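Protein chains in written order, with our numbering: chain A, 330 to 708; chain B, 75 to 196.
Think of the hints as simulated: they come from the structure by calculation, not from any bench. The structure presented is a predicted model; accordingly, all values stated were derived computationally and were not measured. By construction, the Cβ of each residue, glycine as well, lies at the ideal position given by its N, Cα and C atoms. Careful, some of the hints might be misleading.
[Stated by the list, open to error] Computed beta-carbon distance windows for the label pairs:
#, chain 1, residue 1, chain 2, residue 2, range
1, A, 563, B, 144, 44 to 52 Å
2, B, 93, A, 531, 44 to 52 Å
3, B, 168, A, 677, 53 to 61 Å
4, A, 690, B, 78, 13 to 21 Å
5, A, 525, B, 78, 52 to 60 Å
6, B, 142, A, 365, 42 to 50 Å
7, B, 160, A, 469, 44 to 52 Å
8, A, 518, B, 160, 30 to 38 Å
9, B, 160, A, 602, 19 to 27 Å
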Amino acid sequence: MVASQSQARSSVTSIDDVGLVVDADSHLTESVDDLYPYMDDRDEGIKQLIKLSEIPFSDIFSITAPTPIFPDGQDEGTADVDLWSGANDIEGKHDLMDEYGIDHSIVNPTLVAVVNTVNNSRIARALVSAYNRYLIDNFADSDRISNIMVVAPHEPNRAAEEIDEWADEDSVVGVLIPPAGLVPAAGDRRYDPIYEAAQRHDLPVHYHSNTGAVHRSFPMQHNWSQTYAEEHAIMHPFTHMWNLSSLLFNGTPERFPDVEFVFNEAGIGWIPYMTWRLDDHYLELPHDVPVLEKLPSEYISDQFYFTTQPLGHTARDGRHIAQIIEMIGPDSVMYSADLPHPDFDLPAELFDRIRSQFDDEAVEKIMGKNAADLFGIEA
Amino acid sequence: MSRSPTEHRVPNADRLDEDGARITVDVDGQEITVFRYDGEYYAVLNFCVHQAGPLCEGRLTGRMTTDEDGWEWTYDDEEKHVVCPWHGWKFDITDGTNVSDSRYVVPTYDVEKRDGELYIVR
Chain A
330 MVASQSQARS SVTSIDDVGL VVDADSHLTE SVDDLYPYMD DRDEGIKQLI KLSEIPFSDI
390 FSITAPTPIF PDGQDEGTAD VDLWSGANDI EGKHDLMDEY GIDHSIVNPT LVAVVNTVNN
450 SRIARALVSA YNRYLIDNFA DSDRISNIMV VAPHEPNRAA EEIDEWADED SVVGVLIPPA
510 GLVPAAGDRR YDPIYEAAQR HDLPVHYHSN TGAVHRSFPM QHNWSQTYAE EHAIMHPFTH
570 MWNLSSLLFN GTPERFPDVE FVFNEAGIGW IPYMTWRLDD HYLELPHDVP VLEKLPSEYI
630 SDQFYFTTQP LGHTARDGRH IAQIIEMIGP DSVMYSADLP HPDFDLPAEL FDRIRSQFDD
690 EAVEKIMGKN AADLFGIEA
Chain B
75 MSRSPTEHRV PNADRLDEDG ARITVDVDGQ EITVFRYDGE YYAVLNFCVH QAGPLCEGRL
135 TGRMTTDEDG WEWTYDDEEK HVVCPWHGWK FDITDGTNVS DSRYVVPTYD VEKRDGELYI
195 VR
């Protein structure tokens, strides 16, 4: 399989030969201060309420970890980009992309991605609305950057209105439903207005896992994790396994056949394992899954995409990454860097593992063309 | 080389006196089960295509269905589905197809009724 493909055609000899490298999960590093100017008159009260807080991370958000989150990536003045700072603009993004050989970035948030930790649904809505304005105001005018708008799942009908407001912006190519701390999980029918809006506007729906919010969906695992390392290792795949299962077994892709679903930030090794489990359960428990018309793996092949970062420690045998991609299907996998977060994967980290195992077409798809096709990026 | 189908008499066919009754017989070394459903007779190979389990030893059930929207779950009480006792794979005894994925099919055979006797045609 993999080897025979490599014999078919192979003229890509280095990462420099790849026509288009797309980071399908890049990040802004917005702060609460960045968002204040983008809170309009209707949110003036919310803005004043947030400003009363000396510690918005705990009084407005509820971001918590057992031990510090990537502490060595946050040293001001030494790291390339401070993880939580607002020092961020198109030029800064371009500089980082140029430094690491990335042609185009699909941009997700950082702080607003944990909006599920915000109890107050009015504040949550105000924060994502402000983020979307901040996003469009600062990152819409680059032909190398495409934007993922965000919704607060707390009030799905208002989230759908938010999509209606921004979907026609040229730079907006998807909508993020933050999955970390999303309770109930993503396949609950209360979220259908969000999926209806995404389908109406032909926007892929993103799920980007984050650890700072997982105590809302996996409180026991969070409460008993001794360290951030312990929590981080399991919470990203746990989050995606729960939401992927919820989407499929509640029939969301069947109800919304034109929606594409994109999973970020948990790597790709878990996907074949989870796909086998879902298919197995579909066949063994048919009374529980009457809403599906075909195997879960077929919905995954038709409507789901996965970004590659973090690949994990692949050095022991790099071919294993290629084998995993072969199992998922090269059309469903998109390279991602996760820049500027501290567990990023540079393009060569993936390219070096797949170049000799796939033909040129598959390599080009994985490194950028799949993302270009999905998000309508013109190379 | 193919051979002509042969009729294999089902012993004790009079025991298939109500819907849901079944008799399993050896036919050329293979176990085939004859079910009675809705007054008709259906012969199914006692072999699950999943992991070779004794499919026809499982219970007969209806199946869960939904409306077009997927919200209403309705139990279709036509009990013509045999559930493999090993892993729960469910097949329609009238045509052998798996209820979840019609690409999985267990062999079925015609049943002839003549002079009070039943014959599996294989």
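Hint-by-hint comparison with the structure:
| no. | hint | verdict |
| --- | --- | --- |
| 1 | A:563 <-> B:144: 44 to 52 Å | 31 Å, violated |
| 2 | B:93 <-> A:531: 44 to 52 Å | 51 Å, holds |
| 3 | B:168 <-> A:677: 53 to 61 Å | 57 Å, holds |
| 4 | A:690 <-> B:78: 13 to 21 Å | 51 Å, violated |
| 5 | A:525 <-> B:78: 52 to 60 Å | 58 Å, holds |
| 6 | B:142 <-> A:365: 42 to 50 Å | 47 Å, holds |
| 7 | B:160 <-> A:469: 44 to 52 Å | 57 Å, violated |
| 8 | A:518 <-> B:160: 30 to 38 Å | 33 Å, holds |
| 9 | B:160 <-> A:602: 19 to 27 Å | 22 Å, holds |
The structure fails hints 1, 4 and 7 (numbered hints given earlier, in ascending order).
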